[in-house]
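K.L.:
Here's the letter readout for the chains.
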Amino acid sequence: MTEPTLQVTHPLREMATMFFRNYTAVFGLILLIAILIFTFIGPLVYQIDPFEMVWAPFTQPGQDEYLFGTDYLGRDILAAMMAGGQVSMAIGLAAAIISVVIGVTVGAFAGYYGGWVEEVLMRFTEFFQVLPTLLFSMVIVALFGASLVTVTFAIGIVSWTAVARVTRSEFLRIRELEYVTAARSGSAKDAYLIFRVILPNALPPIIVQANLMVGSAILFEAALSFLGLSDPNVMSWGQVIGSNRPYILDAGFAVAIPGFAIFLTVLAISLIGDGLNDALNPKLRQR
Amino acid sequence: MSAPLLSVDDLVVDFSTRAGNARVLDHVSLEVTSGEVLGIVGESGCGKSMTALSIMGLVPNPPGKVTSGSIRLEGRELVGLSEAELCEVRGRDIGMIFQEPMSSLNPVFTVGEQIAESVRLHENASPKAAMARAVEMLRAVEIPEPELRAKAYPHQLSGGMRQRVMIAIALACRPRVLIADEPTTALDATVQAQIFDLLQDLQTETGTAIILITHDMGAIAELADRVAVMYAGRVVEKGTVETVLSNPQHPYTKGLITCVPHLEPEPPMLREPLPEIPGVVPALTDLGKGCAFAPRCLERIAQCDDSKPPLKATTGPHLTACWVAGQ
Amino acid sequence: MEPRNSALVVEDLKVHFGGGRGLFATKPTVHAVDGVSFTVPAGQTFGIVGESGSGKTTTALAIMRLVDVTAGRVTLGDTVISDLDKEDLRAARRQFQIVFQDPYSSLDPRKRAAEIVREPLDLMQIGTRAERDARVTELFGQVGLRPEQRALFPHQFSGGQRQRLGLARALSTKPDLIVCDEPVSALDVAIQAQILNLMARLQQELGLTYLFISHDLGVVQHICDEIAVMYLGQIVEQADRVTLFTNPQHPYTKALLAAVPMVHSNKRNRRDRIRLKGDPPSPVDLPNGCRFASRCPLAESRCHEQTPELREISPGHRAACLLL
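Those sequence lines, one after another, are chains A, B and C.
Residues 305 to 591 in this note's numbering are what the first sequence lists, from first letter to last.
Residues -1 to 325 in this note's numbering are what the second sequence lists, from first letter to last.
Residues 211 to 534 in this note's numbering are what the third sequence lists, from first letter to last.
Isolated chain A, as found in the complex:
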């Protein structure tokens, strides 16, 4: 008689195995880790204030021991890349968390309760969806001032709708499954059903969405900085691009380097997102 082997593999562990079998995703993960080391460990080794003028403006990269050159104020771009990376990542992460919290809450209640609750919440979502996102976030930043917190909130508030829609559709699907009915017949309350039964099973696409949201939030922040709508006292990649923008023809490297950093980061995050999508999809897992 063959019994299933008593080796307990947690579903999470299975997902990890799947993820690491995917070479492009692993490449993305390595790339992201490299970028994180650069931005967070780098400053400990390379201790130069990114706001301080250290050399002649527009020193070419590699010249006079400045790897990435200097900007229009003679500030070290390598130091700016490290400091700016920290801020860009932090904004990306924080904005993604905000949009996930809002999106999951709205989507979960809409999908679970249905009826008029769903109607109201989804019309509310659509209202945010039809607003031109960049314009709307510019309005928020213009109204509340260009600080790190308002920028993060502005990004979070304009990008939660996708999460809400994904969450709602997952809830609509899962709430009809028999294990949810089984929990109901075990006299589960609504909160238990939403957070302990349905949400854990709805997480995979939400995680993928949230991951991609980090990338798009970094891009968003860059766009706002580029337009001069971010905190001038805080270095970020977008800020480096924005401040050097007038001199793009004379010193293209000062814009290209942070641009490339953003490109690499978003690429790494997208590759990870693809890998997560495959790893979390049980149909693909069986192959």
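Hints listed in this document are in silico derivations from the structure and should not be mistaken for laboratory results.
Honestly, I wouldn't trust all of these hints.
Some chain C residues near chain B, calculated using beta-carbon distances under 10 Å [stated by the list, open to error]:
| id | residue |
| --- | --- |
| 1 | G282 |
| 2 | H365 |
| 3 | S368 |
| 4 | A410 |
| 5 | L412 |
| 6 | Y462 |
| 7 | V473 |
Keep in mind that this is a model prediction, so the values were computed, not measured.
Beta carbons are placed, not taken as given, at the ideal position from N, Cα and C, and that holds for glycine.
Since the structure of chain A is already known, use the hints to place chains B and C on it.
P.N.:
For chains B and C alone, coordinates are given in the frame of chain A:
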């Protein structure tokens, strides 16, 4: 017995999986003659559907491949044919119907168009002639108002109607062999009876050989002339329906017949527990050298663990693969 | 063991869906269950058979209060289940539990086996933590699972073992009634016998009352004491198991019995039996008169006008047909 229309000889199909090589078909031999219904019965994972896919040349490759053996249709070897040649065989010579008629039909075309498409793929018919043929086929499968139904989309039909449409598509080119893989499992009992009647009528008219794949011994008794019982990729018992059902030799066949609570016209007053087949179907990747059924078998002897029993005659054309049977 | 004499009493149960006003048109009303009454004595198994759309599953869910009851009364022992408010219902749920058809979708893939079985105990706060753990171990033994399997996830079990888990979960609160909605129809034939025998054994040991929903007449005949045949939301015939199968009265019951393939039948004779044409009409726009009249081989003109009542035709044998 006349010369078989379709014969499968010593067919071996392997699947390479992460857990190792799985022999999904292990020296399977079957034959079916014109106008005959061959039933293949077994639990899920026994290889009955894989047998059908092999005959259709539809073994997914990779991971699967036909390792050895032959499949002959009127003497013509099908193993090793090119995809283009197989395509011609499928539909024209061998038709197939599946368990779930909804997912086998394309939801964006009318059923008439889908039958006509199948006609035009294999015969040089004008669109008009093909559509006329489609309506004629719908009438043949006893769909009321066939002209009207030809213009319907699959979702506008009931489950039973959809399965009739599938049969119409499969039979549109008058194939010599029709493979029906669990054709009524998704249908209600009264609709199942209608489909069985239809299959039998169509067979009497056209002489098509039918291979009926099912897990239901009752369906075998109703429809089949001969039956092959499969377990873990092997044929364990083969013979006429009358002999196999009334005098099963293999312990697995006996178990399959007795463990199902069959409808009795006069139920006994006292209820006995059902005889069980203990355990579950083994994984095909870790079959030992002995009989695959031995771990679940109530009649096993020492020999069963040592070597696989060959399929040999017990009485006349009744074959059994068991060391204990017929001794 | 405490004495169990509570019985399930269902009176004129109705479940209608839809019927609300949409934006542009009134949504059609689906009469899923339309006036069903029956009584199940304690410790017995009551079977409901029917085809898809007959309302048998909706009846089960309505008794479980998992769909809204439109009208009627459901009483289990001294508790009127259909009248309970939300809080009382939560407390009363320990008396009645359900086993589902699909052993794959009925277990939460992210919970371990022990968590799944213990979930109702946790939710209803029955016993201390240690008592719940002990109860889970006991239940695993009762349904034939090994204690070391408690830490596994559902996908690591076979279909039959998953259904054993479903049974263990239903048994966890020591209920009086277990509603079984097609508990073996998704299982392989050889596994069905294992589960049916287990259910019969548990019933004897624990004095359970079963409401058994199935489309498989063979299974129903084997396990049920009393059987009701449903068609389009109503019971058309009801009798004890021996009477129903030896002396079916309603034309639909006869046709249903004739449609089942039998292992020991002569296939040459099967054409003489009743065959139904077409599919059941949809429960949305119900015909006047007898609901079965459009498919009934014996229907007369009055069948399309008058509605037959379910009435007793011999002691303990009820049927709804004008021709009887």
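K.L.:
Hint by hint, which ones does the structure fall short of?
P.N.:
Of the numbered hints given earlier, those the structure breaks are 1, 2 and 5, listed in rising order.
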